[in-house]
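Undergrad: The listed protein sequences correspond, in order, to chains L and Z. Going by my numbering, 473 is the number at position 473 of the first sequence; the sequence numbering is gapless. Going by my numbering, 128 is the number at position 128 of the second sequence; the sequence numbering is gapless.
Treat the hints with care, since some could be wrong.
Here are some, though not all, of the chain Z residues that point toward chain L, as calculated from beta-carbon distances under 7 angstroms [to be verified]:
1) L59
2) P61
3) R65
4) V159
5) Y163
6) A178
7) H179
8) P182
Reference excerpt, derived from the structure (chain L facing chain Z, CB under 10 angstroms, subset only) [stated by the list, open to error]:
9) I50
10) M69
11) M318
12) K376
Computed cross-link-like contacts, DMTMM-like style, restricted to lysine to aspartate or glutamate with a CA-CA straight-line distance of at most 20 angstroms [stated by the list, open to error]:
13) K376(L) to E167(Z)
14) K214(L) to D280(L)
15) K5(L) to D248(L)
16) K138(Z) to D365(L)
17) K380(L) to E170(Z)
18) K250(L) to D81(Z)
19) K377(L) to E170(Z)
20) K376(L) to E57(Z)
21) K253(L) to E408(L)
22) K41(L) to E57(Z)
23) K224(L) to D81(Z)
24) K377(L) to E140(Z)
25) K185(L) to D127(L)
26) K406(L) to D81(Z)
Derived from the structure by calculation, the hints contain no laboratory data. The model shown is predicted, which means the values in this text are computed figures rather than measured ones. All C-beta atoms, glycine included, are put in the ideal place defined by N, C-alpha and C.
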Amino acid sequence: MSADKVDLLIVGAGASGSLYAAVLAKAGKKVLILEQGPDWKHADMVSNEIWGRRLKGGAPVTLEGKDKMGYGYNSGYGSGGSAAHYFAMFPRMLPSDFNMKSAHGRGLDWPMSYAELAPYYDRVAQDIGISGDAKAEERWRPPGQAYPMPPLPTFRHGDVWLKGFDALGIKTARATVGINSREFKGRPACVYDGWCNAGCPTGALANPQSTYLKEAREAGAVLKNGCTVTRVLTNAKGDRVTGVEYYDEKKQKQVQEASVVLIAAFVSQAPRLLLNSANDKHPNGLSNKNGLVGRYLMAHTGSTIWGMFDEPDVQNYMGTLAPMHWSYDRYAKTSRKNAFGSTLWHCSPAIKPNDIGGIANARNDLFGQPLADFIKKASKQLARLQAFCEELPDADNRVDLDTSRKDEFGLPMARMTHTYDADAMGLWQAGVDEGLEIAKAAGAKDYWAIRGAPTIHMAGGTAMGKSAADSVCDGYGRTHEIGNLFLSGASVFPTEGAVNPTYTIYAVSLRGAEHMVKNWASIAA
Amino acid sequence: MVAMQRRDFVKRVGLGALAFTVGGTEVMLTPSQAYAQGVPYKVLTAEEAKTLNAVCETLLPGAQRAGVTHFVDHQLAVPADQSFLMARVANVQPPFINIYRGGLGAINRSAQAMHGKRFEELDAKTQYTFIDAMRQNKIEGWAGPPGPFIYFLMRHDAVDVVYGTVEGIESLGTPYMAHIAPPTRWEA
Ligand SMILES: Cc1cc2nc3c(=O)[nH]c(=O)nc-3n(C[C@H](O)[C@H](O)[C@H](O)COP(=O)(O)OP(=O)(O)OC[C@H]3O[C@@H](n4cnc5c(N)ncnc54)[C@H](O)[C@@H]3O)c2cc1C
Ligand code: SF4
Numbered sequence: 001m002s003a004d005k006v007d008l009l010i011v012g013a014g015a016s017g018s019l020y021a022a023v024l025a026k027a028g029k030k031v032l033i034l035e036q037g038p039d040w041k042h043a044d045m046v047s048n049e050i051w052g053r054r055l056k057g058g059a060p061v062t063l064e065g066k067d068k069m070g071y072g073y074n075s076g077y078g079s080g081g082s083a084a085h086y087f088a089m090f091p092r093m094l095p096s097d098f099n100m101k102s103a104h105g106r107g108l109d110w111p112m113s114y115a116e117l118a119p120y121y122d123r124v125a126q127d128i129g130i131s132g133d134a135k136a137e138e139r140w141r142p143p144g145q146a147y148p149m150p151p152l153p154t155f156r157h158g159d160v161w162l163k164g165f166d167a168l169g170i171k172t173a174r175a176t177v178g179i180n181s182r183e184f185k186g187r188p189a190c191v192y193d194g195w196c197n198a199g200c201p202t203g204a205l206a207n208p209q210s211t212y213l214k215e216a217r218e219a220g221a222v223l224k225n226g227c228t229v230t231r232v233l234t235n236a237k238g239d240r241v242t243g244v245e246y247y248d249e250k251k252q253k254q255v256q257e258a259s260v261v262l263i264a265a266f267v268s269q270a271p272r273l274l275l276n277s278a279n280d281k282h283p284n285g286l287s288n289k290n291g292l293v294g295r296y297l298m299a300h301t302g303s304t305i306w307g308m309f310d311e312p313d314v315q316n317y318m319g320t321l322a323p324m325h326w327s328y329d330r331y332a333k334t335s336r337k338n339a340f341g342s343t344l345w346h347c348s349p350a351i352k353p354n355d356i357g358g359i360a361n362a363r364n365d366l367f368g369q370p371l372a373d374f375i376k377k378a379s380k381q382l383a384r385l386q387a388f389c390e391e392l393p394d395a396d397n398r399v400d401l402d403t404s405r406k407d408e409f410g411l412p413m414a415r416m417t418h419t420y421d422a423d424a425m426g427l428w429q430a431g432v433d434e435g436l437e438i439a440k441a442a443g444a445k446d447y448w449a450i451r452g453a454p455t456i457h458m459a460g461g462t463a464m465g466k467s468a469a470d471s472v473c474d475g476y477g478r479t480h481e482i483g484n485l486f487l488s489g490a491s492v493f494p495t496e497g498a499v500n501p502t503y504t505i506y507a508v509s510l511r512g513a514e515h516m517v518k519n520w521a522s523i524a525a
Numbered sequence: 001m002v003a004m005q006r007r008d009f010v011k012r013v014g015l016g017a018l019a020f021t022v023g024g025t026e027v028m029l030t031p032s033q034a035y036a037q038g039v040p041y042k043v044l045t046a047e048e049a050k051t052l053n054a055v056c057e058t059l060l061p062g063a064q065r066a067g068v069t070h071f072v073d074h075q076l077a078v079p080a081d082q083s084f085l086m087a088r089v090a091n092v093q094p095p096f097i098n099i100y101r102g103g104l105g106a107i108n109r110s111a112q113a114m115h116g117k118r119f120e121e122l123d124a125k126t127q128y129t130f131i132d133a134m135r136q137n138k139i140e141g142w143a144g145p146p147g148p149f150i151y152f153l154m155r156h157d158a159v160d161v162v163y164g165t166v167e168g169i170e171s172l173g174t175p176y177m178a179h180i181a182p183p184t185r186w187e188a
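Excised from the complex, chain L in its bound form (with noise of 0.2 angstroms):
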């Protein structure tokens, strides 16, 4: 059965997917979002950590590789996808990012230069609040636009360290974040309660519900939710598709036809729901003649220092899951000696006993009586220092199918496959080094770094770029081989960057959403 012809099918709910059902929404287009979790809604963040578990993870995956991707913790579903449960943490990424290949011969460039995307940044940052000080950040890039709200106000934990940023000669500036430091549009400012892993119910964070999904449902999108698309259709000769088959919420399968589709499903389900879509006429799946559906799978490392301060109460609890300072002092692609790429340093978020980001996993060696002593003074004491480090795109990080276990529609399931090169581990190491001589200016009184290099955001899989030969699709995410299909989110980028993606998705969305209007006629015809 068919229902109704839309113009746009969004695949995803989640930050890009928001996006573009607002932009396309409000310029009059009949928009249906498929999204496969349930429709959470700002009642149902509960302040809680073990609460907030119910809004990550997503269709399941296989994982493999030496280096797994961390997809539970780094992942979402349902209303808002990852960004229902983000932090909001906001940094650009710098022009040295978009032409790597260009300028060093490694990596990949992007279709765009950072001059083309700034003013989407900027635009980003009035539509839906962003706190900073733009001309304390443009000691690092280019001039533009001041954010709408002043920074953050910080918390002793966060300050703490700035004394041994200033012994190592490292600048830092306020973090730049997607939350808000007084009232904006309408939401609240925020409270510094630190929740924000589980969701930030009160409007002070820029998460979808709060942002683009609510003035996508205000402008007419439709959002379907338990509905897991299967697979996207194409015409006979496979120059054009036609729509999505999809299983509802009572899990019956359904055909949905639509004008152009949009594939906005997060790093491992993307290249997926090409890959299945594999027809006669594109046997590799679709946009999959070059074999680069599902490659350059990449992740951040995180250097991660603690630091026990001798100090009653450095307010670790107070703040939000967002950083107060950061530094772009050791961005640049060539700063360390043996390792190329960028790092990002950051300090501080709120801290909380338990979970991933807990105070007892900052010493995981500990258990019993000495865990317990352990918890209650670093409850007081205890502060955090990271350093965000790139990964280099790498053809053999991959998402690809796992014919050997199927979903509960009978589809084979993404298998993610992972492992770091010497340049990733090489930043991370010079990052664990740095921070700990950075802890040791800063005076804290106890200090050591997390061993183990983590899987930090995801980004990759259906990398755009100039050319057919070297991506899957354009820098507006249109596919090099199907002119009415379409792709936007994490998945899409060649490169990362040492920045948490989020700020850069949406400004890519963007300009992708206003010109996929300005071209609608031909897009769509």
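Chain Z with the ligands: place on chain L using the hints.
TA: Relative to chain L, chain Z with the ligands alone:
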């Protein structure tokens, strides 16, 4: 400090009450009440619960009284996509009972081989030494899911029930400050 006052209404609900069946009727209890009343387990066997209790109490004093076994048992009984266990975040393939059963089995097999007893029958000092070896993957002949991973999962469960609650956070002398307090009933 910012905006603390409006949080005063937050109820002291701990982990919230769970629905337990006692004598044929459903009652709402917190995990620690369920433990104190000896409510039957839904998924764990009584033997498994005894071992899990002893392991978690070794990992963090207070876990037993906080009802760690009833917390885990309840979360094993709900569908995996509704589970609150760290196992879900740590990419364990459901059903999650498999990793618990595998881990507890391996612990008891090693305890028998080393000491001729089940884990819960060992004295506290021996239990501590055992967990310390398990955490470092240093138990010879270990047969089951990796010891360090079992340590990771069960340690998170113990920390969750002792400190991941309104009472737990306030017991540290830090304010809870909920926007939406954990509800009094678990929505399975
Ligand atoms: C704990 C945490 C903290 C984070 N903190 C930050 C931060 O501070 N700053 C930052 O920039 N980023 C942060 N991120 C990352 C950020 O959330 C993601 O990069 C971003 O949400 C990705 O956007 P997206 O639109 O590509 O995918 P998502 O937002 O993940 O949305 C994808 C959606 O597609 C749906 N979907 C997938 N497959 C299908 C299918 N077949 N059918 C139907 N629906 C489907 C999924 O259920 C999901 O809802 C954080 C993430 C996590 C998990
Ligand atoms: S700390 Fe601020 S952004 Fe985070 S949940 Fe609380 S009000 Fe929201």
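Undergrad: Classify the hint on K376(L) as holds or violated, based on whether any CB of chain Z lies nearer than 10 angstroms to its CB.
TA: Holds: closest Cβ of chain Z sits about 6 angstroms from K376(L), inside 10 angstroms.
Undergrad: Is the straight-line distance between the alpha-carbon of K406(L) and that of D81(Z) 20 angstroms or less?
TA: holds, 17 angstroms
Undergrad: Verify the proposed pairing of K224(L) with D81(Z), using a straight-line Cα cut of 20 angstroms.
TA: Judged against 20 angstroms, a Cα distance of about 19 angstroms means the pair holds.
Undergrad: Can we keep the P182(Z) interface hint, with Cβ of chain L closer than 7 angstroms?
TA: With Cβ-Cβ at 4 angstroms, under 7 angstroms, it holds.
Undergrad: Quick check on P61(Z) please, does its C-beta sit within 7 angstroms of some C-beta on chain L?
TA: Since the shortest Cβ distance to chain L is 6 angstroms, the answer is holds.
Undergrad: Does E140(Z) lie within 20 angstroms of K377(L) when you go C-alpha to C-alpha?
TA: violated, 35 angstroms
Undergrad: Just to be careful, I want the Cα atoms of K5(L) and D248(L) compared with a cutoff of 20 angstroms; is the pair within it?
TA: Within the cut-off at roughly 16 angstroms; holds.
Undergrad: Are the Cα atoms of K250(L) and D81(Z) separated by 20 angstroms or less?
TA: holds, 16 angstroms
Undergrad: Within a Cα-Cα threshold of 20 angstroms, do K380(L) and E170(Z) meet the stated pairing?
TA: holds, 12 angstroms
Undergrad: Take a quick look at whether K253(L) and E408(L) sit within 20 angstroms of each other, Cα to Cα.
TA: holds, 12 angstroms
Undergrad: Taking 20 angstroms as the top limit, are the C-alpha atoms of K376(L) and E57(Z) close enough?
TA: holds, 17 angstroms
Undergrad: Restraint: M69(L) near chain Z, CB-CB cut 10 angstroms. Satisfied or not?
TA: holds, 8 angstroms
Of the numbered hints listed earlier, those contradicted by the structure are 3, 14, 22, 24.
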